[in-house]
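Asks: Chain order of the listed sequences is A and B. Per numbering that gives the first Met the number 0, the first sequence starts with residue 0, numbered consecutively. Per numbering that gives the first Met the number 0, the second sequence starts with residue 0, numbered consecutively.
Per label pair, the in silico range of CB-to-CB distance:
(1) 366(A) <-> 7(B): 31 to 41 angstroms
(2) 56(B) <-> 156(A): 53 to 63 angstroms
(3) 249(A) <-> 454(B): 33 to 43 angstroms
(4) 447(B) <-> 249(A): 22 to 32 angstroms
(5) 120(B) <-> 126(A): 55 to 65 angstroms
(6) 25(A) <-> 447(B): 34 to 44 angstroms
(7) 155(A) <-> 218(B): 53 to 63 angstroms
Here chain B is said to cover these stretches of chain A; the calculated rule only asks that three of the stretch's residues, wherever they fall, bring their Cβ under 8 angstroms from a Cβ of chain B:
(8) 251 to 265
(9) 273 to 281
(10) 346 to 360
(11) 366 to 378
(12) 392 to 400
Everything labelled a hint here was simulated from the structure, so no lab data went into it. Glycine residues also receive a C-beta, built at the ideal position from the N, C-alpha and C atoms.
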Amino acid sequence: MIAGGSDVEFAVTEGREQSSYTEVVLRELRKSRTTVVGLWCIALLVLLAVYAPLLSLDQPILWDAGRGVSMPLFPALFNRLLFENSIDVFFNLLLVLSPLYVAVGLFVRGARARRFGGRAKVLGALSLVHLAVFSAVAPEQFGPLPNPLHRSSHVVAYRIRADELAAAGQAPRAIFPLHRYGYRETNPEESVQPPSRRHPFGTDTEGRDVLARMIYGTRVSLTIGVIAVAIYVAIGVVLGALAGYFGGLIDSVISRFIEVMICFPSFFLILTLAAVIEKRSIFHVMAIIGVTSWTGVARLVRAEFLKHRELEYTQAAVALGIPTRRIIFRHILPNAIAPVLVTATFGIAAAILVESSLSFLGIGDLSVASWGETLNTGRAEGKPWLIIAPGLAIFFVVTVFNLVGEGLRDALDPKLRSR
Amino acid sequence: MMIPTFFGISLVIFVVLNLAPGRPGAQQSADLGQQARNQDTEESYRIFREQFDLDKPVLFNTRFALPRASVLTDVEIAAGERPASAAEKIAAQNRLEDDGQYAVPHLVSIMRDADAARSTKVRDAAAYFLRLSAPRRLLHPFDRHPSRGVRAYNDAVQNEAAKLRDLRYALDAPEEEKRRVVVAWERWYDAHRDRFHYPFMDELRIFFFDTRFARYWANLLCLDFGVSLVNREPVLATLFSKLKYSLSLSVASLLLSYLIAVPLGVFSAVRKGSRADRVLTLLLFMLYSLPSFFVATLLLYYFSEGSDYPSLRWFPTGGFQSPGAAGMTTLGSIGDVLRHLALPLLCLTSGLLDVIRADYVRTARAKGLPELLVIGKHALRNALLPILTLLAGLLPAILGGSVIIEYIFGIPGMGLWVVDAIYQRDYNVVLVVELFSTILVLVGILLTDLSYAVVDPRIRYE
Numbered sequence: 000m001i002a003g004g005s006d007v008e009f010a011v012t013e014g015r016e017q018s019s020y021t022e023v024v025l026r027e028l029r030k031s032r033t034t035v036v037g038l039w040c041i042a043l044l045v046l047l048a049v050y051a052p053l054l055s056l057d058q059p060i061l062w063d064a065g066r067g068v069s070m071p072l073f074p075a076l077f078n079r080l081l082f083e084n085s086i087d088v089f090f091n092l093l094l095v096l097s098p099l100y101v102a103v104g105l106f107v108r109g110a111r112a113r114r115f116g117g118r119a120k121v122l123g124a125l126s127l128v129h130l131a132v133f134s135a136v137a138p139e140q141f142g143p144l145p146n147p148l149h150r151s152s153h154v155v156a157y158r159i160r161a162d163e164l165a166a167a168g169q170a171p172r173a174i175f176p177l178h179r180y181g182y183r184e185t186n187p188e189e190s191v192q193p194p195s196r197r198h199p200f201g202t203d204t205e206g207r208d209v210l211a212r213m214i215y216g217t218r219v220s221l222t223i224g225v226i227a228v229a230i231y232v233a234i235g236v237v238l239g240a241l242a243g244y245f246g247g248l249i250d251s252v253i254s255r256f257i258e259v260m261i262c263f264p265s266f267f268l269i270l271t272l273a274a275v276i277e278k279r280s281i282f283h284v285m286a287i288i289g290v291t292s293w294t295g296v297a298r299l300v301r302a303e304f305l306k307h308r309e310l311e312y313t314q315a316a317v318a319l320g321i322p323t324r325r326i327i328f329r330h331i332l333p334n335a336i337a338p339v340l341v342t343a344t345f346g347i348a349a350a351i352l353v354e355s356s357l358s359f360l361g362i363g364d365l366s367v368a369s370w371g372e373t374l375n376t377g378r379a380e381g382k383p384w385l386i387i388a389p390g391l392a393i394f395f396v397v398t399v400f401n402l403v404g405e406g407l408r409d410a411l412d413p414k415l416r417s418r
Numbered sequence: 000m001m002i003p004t005f006f007g008i009s010l011v012i013f014v015v016l017n018l019a020p021g022r023p024g025a026q027q028s029a030d031l032g033q034q035a036r037n038q039d040t041e042e043s044y045r046i047f048r049e050q051f052d053l054d055k056p057v058l059f060n061t062r063f064a065l066p067r068a069s070v071l072t073d074v075e076i077a078a079g080e081r082p083a084s085a086a087e088k089i090a091a092q093n094r095l096e097d098d099g100q101y102a103v104p105h106l107v108s109i110m111r112d113a114d115a116a117r118s119t120k121v122r123d124a125a126a127y128f129l130r131l132s133a134p135r136r137l138l139h140p141f142d143r144h145p146s147r148g149v150r151a152y153n154d155a156v157q158n159e160a161a162k163l164r165d166l167r168y169a170l171d172a173p174e175e176e177k178r179r180v181v182v183a184w185e186r187w188y189d190a191h192r193d194r195f196h197y198p199f200m201d202e203l204r205i206f207f208f209d210t211r212f213a214r215y216w217a218n219l220l221c222l223d224f225g226v227s228l229v230n231r232e233p234v235l236a237t238l239f240s241k242l243k244y245s246l247s248l249s250v251a252s253l254l255l256s257y258l259i260a261v262p263l264g265v266f267s268a269v270r271k272g273s274r275a276d277r278v279l280t281l282l283l284f285m286l287y288s289l290p291s292f293f294v295a296t297l298l299l300y301y302f303s304e305g306s307d308y309p310s311l312r313w314f315p316t317g318g319f320q321s322p323g324a325a326g327m328t329t330l331g332s333i334g335d336v337l338r339h340l341a342l343p344l345l346c347l348t349s350g351l352l353d354v355i356r357a358d359y360v361r362t363a364r365a366k367g368l369p370e371l372l373v374i375g376k377h378a379l380r381n382a383l384l385p386i387l388t389l390l391a392g393l394l395p396a397i398l399g400g401s402v403i404i405e406y407i408f409g410i411p412g413m414g415l416w417v418v419d420a421i422y423q424r425d426y427n428v429v430l431v432v433e434l435f436s437t438i439l440v441l442v443g444i445l446l447t448d449l450s451y452a453v454v455d456p457r458i459r460y461e
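Sequences and hints are given; from them, build the entire structure.
Replies: Here's what the structure looks like:
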């Protein structure tokens, strides 16, 4: 009984301290104007990624050509002919479920939230459900599950239909997305067109609309950044924690391994791995970036653990007989995670750069809308609209994450604040 | 210290090597290799296998004790006598091909028994695999100038292979002809029986050394990295000819960025917080975030000879030298190379400036500004230490970054070579570049460590 009680109390104090630490950091973050702008930009990018189909797709949100009102956009979100890639399926599902998230965020608070263990927990449960649904509807890559939502049904070219009807004098009542092109629509007759009213950013060699590819490219870049970094943070944290906490033989083995991995020029290693994988998908690219870039995190975490394992609170935890796993992950890790957060934010920018470099070299996944691929087309064709738009997009995303990373570093580390 | 690290590096590359795709065309051909397989992938696989012995087991080879039952099962699956899925059929075929010479005695006896039992399909399959496995392998097949012993051995192998090539029959041949071939195989096997029976010491040797791992290490120690798919030249020789371009590019960009960044750093440290400092910081931060391939493509579009704007055609579109460089004077050719390298260097350098300068400023501030002002020499010397540390960390980044720059500007260095090799599935090249770029970094780290001692006499190495 007593042990249980003390455990609960620990959890409570831990939670309170953590939130106050978070508050301090947030306050520091808000002090820097550039960081705030950067955070808003990231929010904007996420919104752009989630709501891409509402901005750019050849499927009307509302359609009424005299035979009743229909909403073709929503079934189209799960049509394999329009959205083949799992990344798109994930974000489309997020689009459909986003009102639910907002509702939970707005209304489940206070006493009602506490009944379920706090708002964060409710949102967490919701996102778990989301992930479960996603893995059920995602394309084959994710396993043998049959796919109830993801169908390949006939796609109506509504843009052309609307034009035809308008020409016949029966203009349909329809609400289209802002831009009426999907990112995979090819049109050989309109290849390599300069910017015009219909294609504000022009078209590429296959006649695909560049603006649409820029919009949907946000999804790819954000996913690459987050997942690749999540992979290598996980690897780095576990290895670094083991090395730093246990020391001795484990430490020297892991440290030697880190030394070996540091010697590899990571881009060459990524290229080699990409070369030996025969059918590359975007998930391979993420995994490759993940398994090649963990050394920095591992070294950081190891150093932090070496420091923290000697501190009194760790000694106290050991003396209380708390299991080692709990000491590592619940006691030391929250104290050691701050520098990792900074590295991870910079890492997102770096991962996005690596992915676009890979697709620039033509070694990426050609089925997704990658900015690097468009840029490479521009280089080969020598057309500025195919160079500038994707280049600025990459530059923008990388800068935003680097800015936030710098802000976070200054906020987390008082010693560097003067810089 | 170097040697264990190098061992680790080779180990990692060995792991990567084993991730490489196995037999190509495994998806397409379900029949006994009768469809025309994709010629190119087949050839690239053959060269790759020749180099890295991909048909051998990874760590230990126990094929000298291959049980007859398992060979029989595989032959039956391959012949379609046993119910099996297409994937299982392909796997059985690949196993039989990989077993190679170790399966020969069993194949002969299976063929004889099947012939006696009149199960023609199994017999035909066994004959097919026998013809694949019985000939010995050539020694160093891509060596242009083999030694006399090797040549004699290879001649003998080829003579025998030519004879064995006749020991086959079309599937619709009359039964007597098939019979004759079966008998000829038996006779051949009786004559060469001791080639397939291994005394204990041989078994021991095969167990440990006829494996991928052992052969990989043997190749590394002999500096034998195989030939390139493209021109059948040894990879290593080509590598050294490419190294010239890559090294000059990365060393020049490093020097250039230090030359620019350190004065800028001194400026920032002295004029801390001034408007000029803030503008500089922002500018370098932007340069750092600009993707180098974007800058490169833009520069190439606007300032090269292919530019749409005639007044801006200042630089060549790519390459390392002009085609007529051989006839130039020394000064002229240096100028020519510089004109070619100006844009690539600009792209490589711009990204490094911020990193180096930020590090310098931090150090200079930690040492205290007055010290920096009063005794510039001492401060500079102290500030060099972390800069050297940074150098070791920058090396991999520069080598990696030069891949894309070489690709865009068509500089025939390591980076462009490896990208082309990836397109052509030239795995020998990919692996040798990987290994050597790593060695370069390792050497760079070592040199950095040694130069610590030069900069700071307090640091000594035993």
